[in-house]
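Visitor: Listed below, chain by chain, are the residues.
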Amino acid sequence: MHAEREILFRESAAAALLDPQLRANFRRAMDGLISKRQAQFPDPRDLQELRDLSTAIRSRSLLRLPELLEQLEASCTKNGIQVHWAETCEQANELILGLLQARGAKTLVKGKSMVSEEMHLNAFLEANGVEAIESDLGEYIIQLDGETPSHIIMPAIHKNKDQIARQFSQKIKDAKYTEDVDELTAMARKVLRQKFLEADAGLSGVNFAVAETGTLCLVENEGNGRMSTHVPPLHIAVMGLEKVVADLESVAPLYAILTRSATGQAVSTYFNLITGPRGADEKDGPREVHLVILDNGRSRIYADPELRATLRCIRCGACMNHCPVYTRVGGHAYEAVYPGPIGKILTPQMEGVGVRHDLVHGSSLCGACGEVCPVEIPIPEILVRLRREATHSDPGSQVAGKGTGRLASEDWTWRLWAAVLKRPALYRLATWFATRLGGALPAGVPLLREWTRTRTQPVPARRSLSERMRAEGGSHD
Amino acid sequence: MREVYFYGTCLVDLFFPDAGMAGIQLLREAGVKVIFPDGQTCCGQPAFNCGYWEEARDVARAQVALFPRDLPVILPSGSCAGMMKNHYPELFHGQPDEAEVRAFSGRVYELTQFLVDVLQVQLKDLGEPVKVTWHSSCHAVRDLGLKGQPQALLGQLAQVELAPLAREHECCGFGGTFSVRQPEISGAMSCDKAADAEATGASVLLSTDGGCLLNVNGTLEAKRSPLRVQHIAEFLWERTHAR
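Order-wise, the sequence lines are chains F and L. Heads up: the first sequence runs through residues 1 to 477, numbered per our numbering. Heads up: the second sequence runs through residues 1 to 243, numbered per our numbering.
Looking at chain L on its own, in the form it has when it is part of the complex (with noise of 0.2 Å):
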């Protein structure tokens, strides 16, 4: 039987634990053994972009010490999947443990990326129709490079129909602490974000990042909008299970 690691993420693990459970149950279901190690925290992203790469090594270091075996690290997260699969072996350029971490970084996986790209999974739609819009992420597309693995598995729903939104591929405004240091501007493009979302007629909007929903929703909130967010492994587990 396939084994694959699951690494929640910091944001899934405390904002989005249903997402990390779907997440975790569509890879049991394509057949997979999955290992959830106890112990994980945080992938280090927010240390590593303020400057503080000391501290940035040290949190990733107990990251990667969690995850020895030779198998995939699955992530419900683009941005963090980024930071370990491209960042780590910058982070640990020159240091005694590069080699071990830049082996863990060539394991790593967004999870649309490794149902679609290694498992090849088949979804079937159980769920009544309904209108989705979709939030590309600017990590997982720009950092981590994903190509539509996400829209590919939203296209295998036949009762989902995917409004685009106007511009998919502008940041939300989260960005990490770029959020609380440049409240005005990363506000301004929630703001933007929500109302293209809202444009679109959809009922939900969709991602694969922790972040972004978070940002996305606490705005549509505020604003009291009727549109929700939900992270994609939830959605595909909620349509492809009858509740």
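Looking at chain F on its own, in the form it has when it is part of the complex (with noise of 0.2 Å):
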């Protein structure tokens, strides 16, 4: 047995638990988010319909994911994208380096990519003398105050309107303090304009790469997408390898599906539909444009017929929104780039899930975010999958640390328990002795411990079912 079990979960989860700013911040967001979603979707049936289209096109991208790579590839080229591939992080950071300091670059401006975040491409970039600017407002937030984002799509939604006027007096230049969004705003903008003006470069993610076109889709509300894709001269674009989808006619209902679970949006500000660098005769956009397509682990996801969901995920963050445990703990606590339902099935196959046994085991499995994944992600189903593969491994899976969470104390507890269920004898004794002895359980038993931190004793009937149905005779079979 060799366990290697983070909690750092639990100990985040109730950290952040204690801090009522921080729930009332995430409660009011996520009721926002829901019902904005809500609105958007005023039939069942067509949603259902919506959902069904779009979970069948990323399911087919998926099982073509090979062929339309290679695809993506040879369309981006005849475009002028020149595509690069990473299989790690590490490799990623170093191409994105390389492609800097071959042009003498010293400032990237970025778009929000939360592939970027899985690189910590920010820190490597500083550490070796690139600075890197976060344009997305609520990314720009963060920065400031060098955190990571809480929300895959709202990255500073930990934060009110009081906190971010605070910030922003404390840590712009020559900022007044105000609580008018329209003023703060126009404060991150000022900044920004100049940035985007001055930057050697920029980077964005990808929410669609057609491989038929070649066209890489950002979808966006602010602008700061088309602007550091557009007005430095080198564009660097960073994706997942199941990005891509074969043709624009895909894109349409995703679109669709994504603004609408994400942002209760039926169409978001801008829509980006990146081709490739400036032509011959155009005046503007940039001079290169590169696609950097990351693995990261996502080679090994898809190898497994079942796991092989999890790559379905659009981004919406609609599991965030919907979910229980995040509501009440917010981003930070999962201790990972990717927090919430998604987070909790994406990390532990990333990081290994004897190490994240912590985060696989952090969900009641109410179901609340599969039931709104656009794409139908059995989200619970997986993390139980996962679970199994933490301590057992199932005979030919390629799970990322299968079978490293095992403690031989919790494999005696199932044994012990299988062998007194399986024994109708052994269950009558035992729940014989539970109903005599009512309440008066030891209160230092530990799983009881934790029951009652907020909880009552639970207090075992005088006679149970089984008991009162056999002195009843005469209704078995």
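These are calculated hints, taken from the structure and not from any lab test. Worth double-checking, as some hints may not be accurate.
Said to hold, decoys possible - Residues of chain L clear of chain F, computed beta-carbon distances all greater than 10 Å:
hint, residue
1, R2
2, S179
3, R228
To be verified - Straight-line alpha carbon distances no greater than 25 Å define the calculated DMTMM-like cross-link-like pairs of lysine to aspartate or glutamate that follow:
hint, chain 1, residue 1, chain 2, residue 2
4, L, K147, F, E467
5, L, K147, F, E376
6, F, K422, L, E98
7, L, K147, F, D52
8, F, K36, L, D196
9, F, K422, L, D70
10, L, K147, F, D19
11, F, K36, L, E168
12, L, K33, F, E467
13, F, K402, L, E54
14, L, K223, F, D19
15, L, K147, F, D43
16, F, K422, L, E90
17, F, K422, L, E54
18, F, K106, F, E90
19, F, K402, L, D58
20, F, K422, L, E168
Unchecked claim - Stretches of chain F that chain L covers, calculated by requiring three or more beta carbons in the stretch to come under 8 Å of a beta carbon on chain L:
hint, stretch
21, 321-333
22, 413-420
For glycine and all other residues, C-beta sits at the position ideal for the given N, C-alpha and C.
Work from the hints to combine the two standalone chains into their complex.
Guide: Here it is in structure tokens:
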């Protein structure tokens, strides 16, 4: 037995629960997102139709993944987009640094990209003398405080307006204190405009990459995505290898369900379709466009027919918005790049099911995530699968860290549990004692101690149902 | 005469036997002969959810063996019914007895599902006016797929006012081993559920599931709330029989 379990989540979550401001911020924000999404889907049948279609598109794309990736590379190359492959985050970081250094680039302005968070790109570039500036308002806010995103699409959602007002007045040069949202936004805009103009390079994520046409689709609301990808002379896009779809027709339904599920918008303010660098007769746009396609464990996830569903994700964040756990503890408690339900299945598959045992067990399996997922990822079922992989490991499984979350004490507990429950006579004896002892169990029993933190001790009935039915007789077969 | 099997579930067996008895009585009153095989223990869900499938299978197999005849199997729990109906086929996938288990799973019903969908019972309310609230167990709705059967039964009771929770579909925080593995988060969820229930002004919170009831009851008791919890079977039986 080699147990290398972390308990990060429980500890961080417990700390977060003690912060009433944080809890209020998340609850209010998530409630808002839930009702906005709801308003976009007035008819459950329409929603189900769109979900079915979106799920089919994503599943089909994954089924043809190797072929589509090759086609994407060819189409992009034809469009003048240079394609690079990275198996690991380190490789991707080095690749990007190499591109920047070769062009003498010292500043990089970034649109929002979770893959770049996964790579810890900013820290890597800083360490190598390149300044990376986040230009999405939320990302900009958290970068000022040296924080990581607490939500995949609303990275600064853990902060409220007053907290941001204080932060801006302290951190932005010559900024006056104001709680006016428009004024706050204008302050960030003023700083960022200058950065866009001065930056040597821009970096963005990719929402969908179209294999047939070599188009990189970017969904955003602030125009910072367009600025990052069009103003600087060099644009580098990064994507996980699962983001490819066959054709432009596949994009429309995915886009429709993405914005509705994410922010409750029928369309986003900006939808960029990037098809290459500036043409000879064009007046603007980058001189060079590069696409970095990252694996970082995705191939291994892809190899498993059940776990492959994880890669259907379009990163809308609806699972976290609807999660009763996320809503209460916020994104930072997960101690992971991707928080919430999708993070609970993605992170352990990337980092190892043993070390992130805390995450796979950090769910009540209530199913709210699976219910709202626009591409019907069976998150609760995958959590159960990963729990099994953490301790047992299915034959032929390639799950990262399989079997490394096993504890001898837990093995014995379940063995004893099964030994009693598969033998009615033993179960009868156990319930006889439980009913006769009533609430007289010693209070120090470990599990009971956890239960009674916020609850009274459960008291068994005086006589079990089985005992009463036996006494009644006659109703047996 | 129509015959059914009744599967009590471990939580009802040990903590809510009155709910089990009430469920059996409701079925009998609807003209059904209820067979309660001796030797029932647990559906195996705790081990299944924790990844201990071999142990879960051992226990599940012992349950399936108790219900050999081709009769409906009725459970006073949405969660355990979901386990037996939807997850047994997964658990026994590729096992020699898979076909037998699948046949068993196809016969599983949650109690209110059977009362409404199959028996189409009509209830007559004999109780005093009362205000109740309803917690829809996550597994009953999202896993098993209950579609308003409990509410339909409550709706037949003329003197019962149903005051909905503000967050009816939010998890109460039980989640089986989640409640003791993540006691802080689970506790926070339970406290919110208890507060939501209290704010409705109802005198009793009803549910189909013993796990949720045990959890919410413990939380309400800890804060010395006058609000009670009750399994829907027991409530329906009491309302339709003057004491």
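Visitor: All hints, please: hold or fail.
Guide: Here's how the hints hold up against the structure:
| no. | hint | result |
| --- | --- | --- |
| 1 | R2 | 14 Å, holds |
| 2 | S179 | 6 Å, violated |
| 3 | R228 | 13 Å, holds |
| 4 | K147(L) / E467(F) | 33 Å, violated |
| 5 | K147(L) / E376(F) | 20 Å, holds |
| 6 | K422(F) / E98(L) | 18 Å, holds |
| 7 | K147(L) / D52(F) | 21 Å, holds |
| 8 | K36(F) / D196(L) | 22 Å, holds |
| 9 | K422(F) / D70(L) | 22 Å, holds |
| 10 | K147(L) / D19(F) | 37 Å, violated |
| 11 | K36(F) / E168(L) | 18 Å, holds |
| 12 | K33(L) / E467(F) | 19 Å, holds |
| 13 | K402(F) / E54(L) | 17 Å, holds |
| 14 | K223(L) / D19(F) | 21 Å, holds |
| 15 | K147(L) / D43(F) | 17 Å, holds |
| 16 | K422(F) / E90(L) | 19 Å, holds |
| 17 | K422(F) / E54(L) | 12 Å, holds |
| 18 | K106(F) / E90(F) | 20 Å, holds |
| 19 | K402(F) / D58(L) | 23 Å, holds |
| 20 | K422(F) / E168(L) | 36 Å, violated |
| 21 | 321-333 | holds (count 4) |
| 22 | 413-420 | holds (count 5) |
In this structure, the earlier hints numbered 2, 4, 10, 20 are contradicted, and the remaining ones agree with it.
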